[in-house]
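Chemist: Sequence:
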Amino acid sequence: MARLPEDVSAYAGRWVALVSGRVAGVGYTANEALRLARRNRPKARISLRYVEPAGGEALQLSSMLERIEPVLLQQEMPVYLVGGAVRDALLGELNYDLDFVVPEGAVGLAFRVADALGVPAYVLDRERDIGRVVLPDEGTMLDFARIRGADLVADLRDRDFTLNAMALPAGARSSASLIDPCGGQADLAARHLRLTHPAAIADDPVRALRAIRMALRFACQFIEETRQAVRAGADHLGQISPERLRDELVKLLQTGQPDQAVTEMADLGLLPVLLPEVAALAGVAQSPPHHEAVLPHTAQLLRWLVRLEAWLVDGRPVDDPAGVQAQALLAPYAGALAAHLDRPVDGGLTGRVLLRLGGLFHDVGKAQTQLIDPAGRIRFLGHEAVGAQLTGPRLKALHFSNEACDYVKKIVAGHMRPLLLANERVNLSRRATFRYFRRTGPAGLDICLVSLADHLATYGGVGDPDAWTRLLDVVAALLHAYFRQHETVVAPPPLLDGRDLVAQLSLKPGPEVGRLLRLLQEAQAAGEISTAEEALALARRNSSR
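Numbering-wise (our numbering), the sequence shown opens with residue 79 and increments by one.
No lab work stands behind these hints, which were simulated from the structure alone.
Accuracy of the hints is not assured; some may be wrong.
Claimed, not checked - EDC-like mimics (lysine to aspartate or glutamate), calculated; alpha carbons at most 16 angstroms apart, straight line:
id: 1; residue 1: K474; residue 2: D325
id: 2; residue 1: K474; residue 2: E355
id: 3; residue 1: K487; residue 2: E355
id: 4; residue 1: K474; residue 2: E321
id: 5; residue 1: K474; residue 2: D484
id: 6; residue 1: K474; residue 2: D424
id: 7; residue 1: K586; residue 2: D575
id: 8; residue 1: K121; residue 2: E154
Because the structure is a prediction, the values reported are computed rather than measured.
Using the sequences plus the hints, can you model the full thing?
Modeler: Laid out in structure tokens, this is it:
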């Protein structure tokens, strides 16, 4: 940022309008300074700058600001940085997505900034004057919007939470320049989540879900007025578009505490509206070794899933005996698992979101399948199949992509499979491994992680060491097969194709050919055949002709 002329220091805390580097107008608002300058120099090119007062704390802001400030400070209008970047700067954190507001001409400013950076800009909303600059290589977005309401203060007071309702003039670098009409800085320091005004959630009910995310993200406590407003907002979530509800659910699952998100949604009455199938699990009892009812068990599974991701995928230090054993056995697959979970998924998601959705829905079938056997034990026969049937329609109602719906259904439908394989107490065969991945596809990897988290949530930790070790061994064998033996055990390339079978066995194209091809691939994966001749002989023995 270019240094201000020394002679403007007397105007600290005010705006100055400059013509050729000389002060032509001064005001406590940018508009006041601009009016004076236009009166004094009506035909001159005017630029506006804010003179920072002394004191305050230096703020950590994105270096992007320095790159674009020459453009921002040339405008004949004030430019303000608002929202998350200001909040995060007060916390000593960097936010690379920057939001700006101006009195008018926001779309035009977005395109001028984009031209200076040599990147594209887009019109997000012509009527509301909102533009966006995208820097894909840097993972950064710059949004520019027209001030809503009469002025900046009115705009800030109309936002959701006080910690999001702060602004800095372009060029400011100190907390002394903070514009904070709602007391957001004090609430942030006290870790209080407060609405900017009593009707903030009624004006946009999706803020009820956002409140939970903000509280978790910034370790805030709801003040009572906020808690009451969130509860009241539950009745109006149905007014919100499925896409916005989906996006907030995804953001909640992406926090480091999705378990707390589920618990808070249940406690505040949001869960029955957003995810009625999950809410129906409240109060559904389970027999030992489960130590909790189904809904808290689901929350605990998400908690363990996040920890397993940290230990097994992200390489973070282990702080639990279960993690020590799991990390020692599964560390060779950490990089491959990370690539699997971080892959992009249709709809702007990642594989990690699908994994957590699978964990969230894994037991939704239990509310409809609970029964008590003659011995008095509670059972849930077929709950995984029922759960998959419930999961698909709910995700579709929230406008998740078909890819996401089908994938999460596979996780739910197969989440018991590793446990069943472990209970067989025999080494996992190549045939069993092939059949597992034939049924699940890549979702079998997610199922492995869900099964580990399910065990830990069931016992509240390792619990039964033998059962934990058996399950780990099965998971390790499945991961080894998928990542190290994929073309021999999981998906071996066919030795014969359908045309070969039709020609050699005098078959007609149809279901019989498909059946034989599946039989041959399974035999090949099991190591029973390895040549085209062996495949043809096996097909001939099993042909119905």
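Chemist: For every hint, state whether the structure bears it out.
Modeler: Hint-by-hint comparison with the structure:
no.	hint	verdict
1	K474 / D325	holds (13 angstroms)
2	K474 / E355	holds (13 angstroms)
3	K487 / E355	holds (14 angstroms)
4	K474 / E321	holds (10 angstroms)
5	K474 / D484	holds (10 angstroms)
6	K474 / D424	holds (14 angstroms)
7	K586 / D575	holds (13 angstroms)
8	K121 / E154	holds (12 angstroms)
This entry satisfies every hint, going by the numbered hints stated previously.
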